[in-house]
Amino acid sequence: MRVRLFGLRDGDEDRAELTALRIPHVTVGEIRQWGGAGLAAAAARSFETTALYGFWAHLDADVLDRS
1 MRVRLFGLRD
11 GDEDRAELTA
21 LRIPHVTVGE
31 IRQWGGAGLA
41 AAAARSFETT
51 ALYGFWAHLD
61 ADVLDRS
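In my numbering, the protein residues as written are 1 to 67.
It is worth saying that the hints were derived from the structure and are not from the lab.
All values derive from a computational prediction rather than experimental measurement.
Any given hint might turn out to be false.
[Said to hold, decoys possible] Distance ranges between label pairs, derived from CB positions: (1) E13 - A51: 30 to 40 Å; (2) W56 - W34: 33 to 43 Å; (3) G29 - T50: 31 to 41 Å; (4) A41 - A61: 25 to 35 Å; (5) T50 - D14: 29 to 39 Å.
Just so you know, even glycine gets a beta-carbon here, dropped at the ideal spot from N, CA and C.
Build out the structure end to end from the sequences listed, making use of the hints.
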């Protein structure tokens, strides 16, 4: 199983725990810096493996636009 978390708020206190658990994550600032298309392509490439039996991707859209 592969897990990816997208949209963590910059400075979120959970970032240290996610890093310790080796869960790949991207902050809002990083999404804006890298651009959505580039980030999506990198995420898709990370799922390209014959050993993959499932994945979970999470995007907190509210951190991109709170309206």
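Verification of the supplied hints:
1. E13 - A51: 30 to 40 Å: holds, 33 Å
2. W56 - W34: 33 to 43 Å: violated, 21 Å
3. G29 - T50: 31 to 41 Å: holds, 34 Å
4. A41 - A61: 25 to 35 Å: violated, 19 Å
5. T50 - D14: 29 to 39 Å: holds, 32 Å
Of the numbered hints given earlier, the model fails hints 2, 4; all others are met.
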